[in-house]
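**Student:** Single-letter residue listing:
Number of protein chains: 2
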Amino acid sequence: MIRIAIDAMGGDSAPAAPVAGAAQALAEVAGDFVVQLVGQSAAIEAELARHPDLNRRRIEVVEAPDVVGMGEKPLQALRSKKQSSIAVGLGLQKTGQSDAFISAGNTGAVMAGATLMLRLYPGFERPAIGTPFPTSGEPVLVLDAGANVDCTAEELVGFAHLGVHYARDVLGRPEPAVGLLNIGEETEKGNAAAKEAHRLLTADAALRFVGNVEGRDILAGRCERGSFDVVVCDGFVGNILLKFYESIGKLVNTLVEKELPAEVLKSEGLRRIWRYLDYAQYGGAPLLGVRGVCIIGHGRSSPHAFRAAVRVAHEAASHHLVQHMSSEFQPRGVEA
Amino acid sequence: MIRIAIDAMGGDSAPAAPVAGAAQALAEVAGDFVVQLVGQSAAIEAELARHPDLNRRRIEVVEAPDVVGMGEKPLQALRSKKQSSIAVGLGLQKTGQSDAFISAGNTGAVMAGATLMLRLYPGFERPAIGTPFPTSGEPVLVLDAGANVDCTAEELVGFAHLGVHYARDVLGRPEPAVGLLNIGEETEKGNAAAKEAHRLLTADAALRFVGNVEGRDILAGRCERGSFDVVVCDGFVGNILLKFYESIGKLVNTLVEKELPAEVLKSEGLRRIWRYLDYAQYGGAPLLGVRGVCIIGHGRSSPHAFRAAVRVAHEAASHHLVQHMSSEFQPRGVEA
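First to last, the sequence lines map onto chains A and B.
Throughout, this note's numbering is defined as the position within the first sequence, counted from one, plus 95.
Throughout, this note's numbering is defined as the position within the second sequence, counted from one, plus 95.
There could be a bad hint or two in this list.
DEER-style ranges, computed between Cβ atoms [claimed, not checked]:
#  : chain 1 : residue 1 : chain 2 : residue 2 : range
1  : B       : 357       : A       : 352       : 16 to 24 Å
2  : A       : 123       : B       : 245       : 45 to 53 Å
3  : B       : 395       : A       : 190       : 55 to 63 Å
4  : B       : 426       : A       : 299       : 47 to 55 Å
5  : A       : 299       : B       : 165       : 31 to 39 Å
6  : A       : 160       : B       : 395       : 57 to 65 Å
7  : A       : 413       : B       : 171       : 51 to 59 Å
8  : A       : 267       : B       : 245       : 32 to 40 Å
9  : A       : 320       : B       : 171       : 20 to 28 Å
10 : B       : 177       : A       : 217       : 55 to 63 Å
11 : A       : 123       : B       : 171       : 53 to 61 Å
12 : A       : 361       : B       : 353       : 14 to 22 Å
In silico DSS-like links for lysine-lysine, alpha-carbon gap of 27 Å or less [stated by the list, open to error]:
#  : chain 1 : residue 1 : chain 2 : residue 2
13 : B       : 338       : A       : 290
14 : B       : 353       : A       : 353
15 : B       : 338       : B       : 290
16 : B       : 345       : A       : 338
These are computed hints drawn from the structure, not numbers from a lab.
Predicted model, so just to flag it, every value in this text is computed and none were measured.
Don't be surprised by glycine CBs; every beta carbon is placed ideally from N, CA and C.
If we strip away everything but chain A, and leave its shape as in the complex, we get (with noise of 0.2 Å):
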């Protein structure tokens, strides 16, 4: 039986929304799990008697009475508040009780909780963010995207490596392809990381290396030399890129209601563009270099950002992710 945590206390509309979100996945998300909601008990409580039909023997509620701020700062909020959503949550996985923990709260306590207590793998100094960006066809994984600025190319390698891991055990691809972002299509192209990079992905007989895919080839997928799954780059980059692209979307809203009739504007057609350009239906940003299952999502999630996310570390824990990034990254030296 997998179990998957939710803080219930992460996120702008907490904790209505993860509550709901666990009671849509229960409902609607194939497999043998239950949810565990870490937080305040009581309010978790009252939100969750609005939801009567659900079953409560696949709900476990978790008391973690401190709440961590949005805006907190994460290692002094950690410290400060031991009890926290976060915290409690996290170490439910620690201590083996947990299987995956999904939170829309303060990203960078999240990081650093993780950081802290499920610890890395050998040889990465901190997690790296994945976050799913759609395409045309399926939906491509971009890391990092924001949690290391200034990669040497030697991260930018173990991003792939990450990246093709939680392509085949989340995404269901069998043979994932790698792409190095880039400014152009040519070996020689790029800052001095990513021309490094390049030389050192196209060495890594483990990896299926597409070369260096160009901002426009993300959304369609794939570039001259075929389509990827997993893109890599450095997190400044990737951040920017993420957050212009959530930007876009509300730009283009804007110009639908001002030019596009009422009855455009509540048609199926266009709620399935929204639903479409929506990444958050994509599960949220898994946290990889961890050990263990951690999805971050946004601030702003909605209950079916939610059941997406439980959707996604279910398959994560399923797949045993965990496991196989574990028998990859070992010391150095130690066989499997």
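Got chain A; can you put chain B on it based on the hints?
**Tutor:** What follows is chain B alone, placed relative to chain A:
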């Protein structure tokens, strides 16, 4: 009388698109100017014959027998093709016979040609490419969009000064505000260059600096501390962002064609949306840092895009952009 040279051989639809764009500009852009069409005279004349209403006294055809291909290596092409439309067009400006040059040809060759023939202002090692991004208000100039990777903090400050001059003289902003593209609004965020650039930009009394701008702020044209006219970033980030932006129109287009009814696809409202999102309407990308006016168009530039570029070139020349920049960017120790 302002003289605007157009590379009639540059771009995927040359010479038809540049010639048609020149015709549109002469008919629709206000101002006292002539257009110099640079390229193979016979081909240009054949295209001009399609525009019988043109006032030929406002058009000069300048012979340039060589053509630089889109895929050619820039420096090699410039060396072997001394009489290319790029070299001849820039040569007119160098010798005082023209005030601006517009090309949708090989970007690298235009950049290299402009650097070699027009030269750079003191303190710059390469030109920067500015790109106007649409916002819900007025467009914002983002630079560098790809000419400079691995930028130092000092280079980013240089871009800010270039951008401010351009925003004032060409975009008509009396007191242009500058933002630094970064991964968070807090001062301490970012990679090493961004952190140092934040310090230098804050200390620069000649700039109106609004602080860090995130990916999501660009299309809004404002961050929490106010609106901005210019956004500076490393050319690596800028290029990826620009190409990503280009690709979004394509994705949205595919979705709209699939999901919305035919009468909406033909509606004037949808046409207005496309026009808004199409940054070609903002007139191409100025090459900044060179001692002259040089506008780079997209390889797929339409006549409409050439017309917009002429408008921009006319603004730059009539508002004395080059004189203003020359008086700011002087060799050290020399006073105006």
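**Student:** Can you name, in rising order, the numbers of the hints this structure does not satisfy?
**Tutor:** none
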